[in-house]
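Asks: Model the full structure from these sequences, guided by the hints.
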Amino acid sequence: MPSPIVDIHAHIISDNEDHYPPAPLFGKRSEWSQERPTTVETLIAAMDEAGVGKAAVVHSSTTYGFDNSYVADSCVRYSDRLVAVGSVDVLQADAPQRIREWVERGLEGLRLFTGGSTKEFDPSELDDPRAFPAWELCADLGLPMCIQTGPVGLPQVTALAKRFPGVPIILDHLGRPDVTDGAPYAKAQSLFDLAQYENIFLKLTPRIFGDVKKERASAETFFPRVVDAFGAQRMAWGSNFPTSPGTLQDILATAQAGLQCLNAADRAWIFGKTALKLYPALV
166 MPSPIVDIHA HIISDNEDHY PPAPLFGKRS EWSQERPTTV ETLIAAMDEA GVGKAAVVHS
226 STTYGFDNSY VADSCVRYSD RLVAVGSVDV LQADAPQRIR EWVERGLEGL RLFTGGSTKE
286 FDPSELDDPR AFPAWELCAD LGLPMCIQTG PVGLPQVTAL AKRFPGVPII LDHLGRPDVT
346 DGAPYAKAQS LFDLAQYENI FLKLTPRIFG DVKKERASAE TFFPRVVDAF GAQRMAWGSN
406 FPTSPGTLQD ILATAQAGLQ CLNAADRAWI FGKTALKLYP ALV
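Under this note's numbering, the sequence shown has 251 at position 86, and the numbering climbs by one with no breaks.
Derived by calculation from the structure, the hints in this document are not laboratory data.
List of simulated lysine to any residue pairs, SDA-like, C-alpha gap at most 25 Å:
1) K352 - A326
2) K442 - G307
3) K378 - D415
4) K378 - A394
5) K327 - P445
6) K438 - E385
7) K193 - T204
8) K352 - A394
9) K442 - A215
10) K438 - P389
11) K327 - Y362
12) K378 - Q354
13) K327 - V317
Replies: Structure follows, in structure tokens:
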């Protein structure tokens, strides 16, 4: 394993709601943020226990909407180990100004949350021209953009990859492909079609490590297929802790076991080197 192991997708929730009041996107707070709240101090302790050296901490839109204050403040406190990934309403005319303000407060990346735990996916904002100034600024500033969507949004992801080749696009949860048919994974063809766009990166989270154990899928046939298509240099591990249940140590162990079918060089990219390329402030 590389040193350090880097987690590209952790979350944190403040225990001080007076200072960091919840205001969830779409008006419904996620259940995990109430059942498994994890402060930045708790995350650091979990990282130490698991042997995770550094992390990109993704703002919880389903807790705080577009207020990135907690993730920004927390990552500045632990700038030797954490970077913040925030959210801005890219459809608003002042989105570029908001992005610059958050970058000044420490944000090293952005994320678009088009649905998931509290809402069905709606990818319409992805290719809305009102969002393009924000994307252009990301290209100028070198900010990667995470996208939370499912297969329904992959056509829009494709269009964005073409229009903004200078923006690294990180696909949360691999875009949630259907892998139940097994090799050669015809049902996931829309995912593999993205491999031709060199600015698209894949985030491997507990969802896919669970899915490859279902029906005809297997880690031994799926992950080498993904590496062959995209290259390990465009793949990175993310714990989704604490959204996904279990300790960070257990989540990491599951990922390590699932990727034993890959060679050591590929695993080194997935468990650290790709993340450091996307978020150089972690180096």
